[in-house]
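Student: I would like the entire structure built from these sequences, with the hints used as guidance.
Protein chains in written order, with my numbering: chain A, 1 to 291; chain B, 1 to 797; chain C, 1 to 153.
Be aware that one or more of the hints could be misleading.
Said to hold, decoys possible - Here's a subset of chain B near chain C, in silico, CB distances under 10 Å, partners left out:
#, residue
1, Asp-23
2, Gly-262
3, Ala-636
4, Met-639
5, Leu-663
6, Val-751
7, Phe-753
To be verified - Think about it this way: if two alpha-carbon atoms lie no more than 20 Å apart in a straight line, the pair counts; the simulated EDC-like pairs of lysine to aspartate or glutamate are:
#, chain 1, residue 1, chain 2, residue 2
8, A, Lys-262, B, Asp-779
9, B, Lys-448, B, Asp-638
10, B, Lys-595, B, Glu-495
11, B, Lys-113, A, Asp-210
12, B, Lys-113, C, Asp-16
13, B, Lys-357, B, Glu-407
Everything labelled a hint here was simulated from the structure, so no lab data went into it.
Ideal Cβ positions, reconstructed from N, Cα and C, are used throughout, including at glycine.
Residue strings, one per chain:
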Amino acid sequence: MRSDVGQFDFVSPASLDAVLERLAAEPGVHTPLAGGTELMVALNTGRLQQHSLLNLQHLSELRFIRVEAEAIHIGSGTTFTDIRRSEAIAIDLPLLSQAASWTGSVANQNRGTLGGNLCNASPAADSPPALLAYGATVTLVSSHGTRTLPYSDFHLGYKRTALRPDELLHTISVPTGWSGYRQYIRKVGTRNAQAISKVALAAMARVDGDRTSRVIGDIRIGAASLADRPVRCAAAEAAVRGKLVNETTVRAARTALAGEAKPIDDIRSTATYRAHVAANLLEEFLRSLVG
Amino acid sequence: MGYTPQSGTGLLGSSPLRKEGRDKVLGASRYIDDQSLPGMWHGATVRSAIARGRIRSISYDPAVDWAQYAIVTAADIPGENTIVHLTRDHPCLARATVNHPEEPIVLLAHPDKTALLAGVRGVRIDYDPLPGVFTIEESEAAVAANDTERIIWEGSDAGGTANCFKQYCMYSGDAAETEAGLEAAFDTADFIVEGEYATGAQEQLYIENNGVIAECFRKPSGGIESVCVRGSMQCPFYLVHALTLVFDLPEDKCRVIQVETGGAFGGKEDFPSVIGSHAALLAMKCGHPVKMTYDRAEDMAATTKRHPSRTRHRTAVSKEGRLLGGTVDFAIDGGAYATLSPVVLSRGTIHAPGPYKWPHLRVRAKAMATNLPPHGAFRGFGAPQSLFGLERHMDKIARTIGLSPEELRRRNFLGTGDCTATGQPLNEPVDMQHLLTRALHEAGYHEKLARFTVENKTSSIKRGVGFASFMHGTGFTGSGERRLNSLVHLDLLPEGRPQILVSSTEFGQGTNTILCQVAAQTLQLPYDEITIARPDTSVVPNSGPTVASRTAMIVGKLIERASQQMLATLRAHAALPEAHTADDFHAAGLRYLAKHGTLRESVRYEPPTKIYWDDDLYRGDAYPGYAWAVYVAEVAVDMNTYMATCTRFDALQEVGKVMHPVLAKGQIEGGVAQGIGYALYEKCMWKEGRMMNNQMTNYIMPTSADLPPIHVHFEEVPSIHGPGGAKGIGELPMDGPAPAILNAIENATGVAFNTIPLLPEDIFERFTSLGHPHGGSEDLDVTVDRDTRTEAVEVTA
Amino acid sequence: MSLVQLTVNGTRQQVDVPPMKRLLDVLREDLALTGSKEGCGEGECGACAVLLDGVLVNSCLVPALQVNGSRLCTIEGVSTEGRLHPIQQCFLECGGAQCGICTPGMILATQHLLDKYPHPTMEQIQEGLAGNLCRCTGYMRIFEAVQEAAKVA
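Tutor: Okay, structure coming up:
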């Protein structure tokens with residue numbers, strides 16, 4: 001049953017600084033709300049715990065895509081539609097562009113923001129595998145200053161992030177320059193659209209060597225729904241880095257992925273299915289490297 | 001694009017614009033939640049938190065100002081505490097015990113809708129829990145073991161036995177002769193093929209939730225004068241019947257008005273009796289009109305679904321592929337109360353033999369009680385369940401004896417003049433051979449069969465084709481139409497235009513449109529000349545419930561007869577010429593009205609004299625007519641993700657005269673889409689009787705991106721029983737998709753799956769055989785939703 | 001309470017509502033525009049879809065405060081003076097509306113789709129409407145209506 005909306009405070013601070021001041025003045029009391037595609041669902045089902053909300057949706061300083069020589073910087077208030085529309089992202093970060101197109105429906109992409117999606121911190125979210133594979137960094141701001149950390153350090157556990165109560169996710173910076181890499185992303189959801197992933201994998205690899213000996217020079221793999229948070233699959237990467245693409249390598253990759261994956265049974269899928277299908281996707285990608 | 005002929009002739013078979021369509025595309029249609037009445041309050045339901053137990057106490061949180069609320073419990077019911085369907089076992093509000101999760105116990109109303117959440121949370125109910133049974137098997141086991149602790153239903157005023165609402169035993173002939181024939185058939189058969197098939201519950205998922213607004217009027221003395229309920233529903237007179245008992249009022253004091261209804265599919269057949277009675281009780285208590293509308297989560301958790309089922313086949317077959325005899329054991333899970341289970345079971349039983357000749361057949365059927373919310377009507381009404389079992393079994397027989405699925409069916413199809421398993425002679429033409437030939441041709445079946453066999457060897461995507469042959473009976477089963485005794489009126493309005501008065505409702509299928517077409521065609525008037533009155537039981541006669549694919553054929557025929565009567569009246573008494581224009585008609589109408597004041601033609605159902613049904617022996621003419629069909633599915637199974645997708649669907653059916661090609665196509669496509677969901681996506685996940693995925697985000701219905709092209713093909717063999725030769729089509733398309741798809745998946749993968757819904761996890765489990773105790777989607781942990789729920793989730797990394 | 005000013009279907013409106021009140025409820029309760037429907041309340045079904053500053057959104061997920069100063073088009077604003085918009089006409093003729101409850105959102109999603117892709121491919125139609133659930137039609141009549149509307153427009 002829907003919450004009584006009269007019980008909630010919701011204000012629009014005039015600027016980002018004003019938001020940060022409010023967060024700093026009463027840490028943990030206020031919750032930022034941008035596109036509303038998560039928090040409004042909680043409100044509608046009577047389970048929104050936070051009673052004081054701060055509007056971010058109107059803050060144009062959080063909504064930008066800035067293309068620089070070695071990275072694309074994306075403001076946390078950037079919508080998935082903005083990301084899909086960006087030609088630079090489509091060319092330089094195709095996995096992110098693809099992931100954005102899988103996020104909810106068109107209407108939700110028009111509202112939902114990348115920052116909101118990351119801070120909601122679902123282990124099943126669509127963008128994180130791509131951001132992990134690309135080695136993104138995140139910039140967090142507060143009225144006390146700014147800090148930048150690798151995105152892989154942002155998620156601390158199930159729906160827990162490195163954000164302090166007075167901090168806001170400001171920018172997601174994604175390195176570009178992947179032209180030498182083969183890139184792969186696949187989402188296995190409950191259906192083709194409007195789906196939450198049962199498992200998803202984003203992977204990219206640089207293949208070195210000539211036609212007779214193709215060696216995986218570098219590989220980067222991000223996954224969703226394989227653990228309590230979005231994860232980079234370091235063991236699987238290590239198992240194949242510097243290796244020839246052959247049956248032995250494929251097997252080693254599968255084994256390593258199985259070792260590091262910690263999926264669970266939940267309402268959408270089973271742990272065994274998730275682990276096995278993730279390995280199938282990884283194998284599909286590895287085999288495509290010799291194609 | 002639709003084409004509307006100017007005159008009546010040729011109107012049936014053309015596609016005039018949907019009667020209420022303009023308002024719908026304008027967003028101007030007023031559904032129940034779009035309406036309000038002066039001084040209206042809002043109602044909510046406090047529901048059982050457990051599956052089964054005794055209610056120890058009900059207490060009210062002192063922090064809530066209860067003076068502002070109207071509170072209704074079972075003790076407030078002025079009449080009988082029952083929601084009557086076929087029996088009276090179903091309480092309107094639980095009093096001493098609860099028998100399923102979400103069972104209504106206390107009703108609250110408040111002038112301000114936003115106060116309801118605090119009210120519902122402020123009612124505390126304590127229970128002494130009792131053990132429950134949650135599957136057909138658990139219910140059967142309790143009976144077998146005489147485990148009185150788990151006998152959850154004892155019988156009712158309308159019969160039934162411990163944990164069993166209803167049983168049928170249907171024979172293809174005299175019982176003793178059939179038993180002897182079966183024994184001989186199994187003794188001499190070249191092959192005996194056995195199989196077990198199961199289907200899950202399915203949510204109707206109309207996009208408009210259940211909702212009503214109720215009023216209660218008092219006499220000057222203070223007693224209850226009458227009640228009035230308007231709302232989203234299929235069968236206004238069902239709700240009238242329910243209200244007469246709950247309020248102990250005569251029928252004419254219980255007025256029900258159907259308003260624009262946003263989808264139903266059977267889900268608003270029996271359930272409005274519950275929510276309608278509840279809202280009326282609150283209106284009685286608070287003295288204001290009360291609106292009750294469920295939100296999605298409540299609607300999904302607390303209202304009816306399609307009955308889960310289990311079908312066991314044992315079949316004697318000759319090596320030439322002739323069915324020599326068969327036994328079918330069909331069981332459905334009825335949930336906690338009988339509601340409509342006996343009639344759902346009946347339709348499932350009668351459809352279990354399919355469109356085949358059975359020299360000897362016995363169908364044993366039963367509806368078991370479980371501690372789930374009562375299952376109810378959903379498009380197909382038992383037939384999709386038993387036909388799923390049969391059509392999967394036919395493929396199994398074919399594989400066992402080394403015939404193609406096509407050839408096996410060809411050797412056993414019913415044809416014109418044959419008798420069905422209930423002994424009904426098929427006097428109208430039936431040509432399943434031709435339907436099969438054409439359906440396979442339209443789908444490119446043989447070419448694909450050959451091509452996929454080659455391609456699958458080297459592809460990680462396995463493709464396949466499969467089909468199902470089936471029929472669906474139009475109208476109520478057996479003596480049902482005779483008992484309904486439906487009545488329609490056709491009035492001449494003061495301006496000389498005809499108006500149809502029926503209780504048959506529009507909820508998207510096209511009732512308004514096709515009935516107006518029938519009247520216009522028969523009266524030789526333009527379509528726009530005909531109007532249809534809103535179903536208000538104080539105005540319209542009881543033309544029966546809008547269910548069972550009966551509206552076009554049964555009610556349509558009554559409208560046709562009423563229209564003929566009106567023509568005859570105006571010709572005889574108002575000099576209407578034989579060939580007339582609309583102006584001639586108006587003039588004649590006005591002449592008649594000037595002389596007689598009013599003109600109302602009333603027509604009552606007259607059973608065709610040739611139709612006979614024996615309820616005790618369960619033999620005779622089960623339905624006045626059947627629609628016949630062959631559906632072909634093409635699938636792709638991705639062996640990396642174990643996801644099966646339907647990639648093309650061809651639906652060929654013989655439905656008599658197609659009254660409105662655009663609407664008819666829409667009916668078939670919509671039914672096929674629901675069938676695809678039934679087969680591959682839609683799984684109700686239960687935990688101790690409670691539906692856990694009661695949200696649109698985790699109950700997965702197909703989106704526009706999930707459905708394949710659906711090709712609809714019709715054959716038209718006019719029936720004498722329907723207007724202009726029409727038969728029913730509403731439910732038919734629900735029957736075929738699931739077995740056709742699973743047959744195609746077997747063709748693609750070589751593995752037989754016999755349970756739906758079939759999720760990727762189930763396919764994965766079979767292919768990897770990891771030896772889990774249950775396996776596949778049985779291992780889903782429904783208590784954990786890592787994406788959308790944050791509360792009560794303890795996750796260890 | 002918050003004072004929210006917005007332009008709905010060309011008319012300037014002002015409402016004084018709780019800031020977290022859903023846009024859907026503002027439309028239905030405060031402005032008596034009941035064409036937008038609630039199907040799920042969680043942004044899955046699209047029955048409440050409207051165009052907010054020309055962009056398709058689910059109005060059940062938009063708090064009132066966020067529409068202050070915005071321009072809104074609801075189903076009531078699609079037709080002009082009782083004349084059906086070509087999209088509405090095509091839905092009517094092709095059988096794109098059955099029970100009609102998803103129709104308002106579906107028509108606005110179609111308008112948004114055709115704004116982006118005047119001649120959409122089948123894939124673009126399927127994706128563009130995937131946030132609008134329809135239980136009646138199986139979507140085929142809707143696809144036809146969208147294709148016809150693209151021809152007419």
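Student: So which hints don't hold here, by number, going up?
Tutor: 3, 4, 6, 7 and 11
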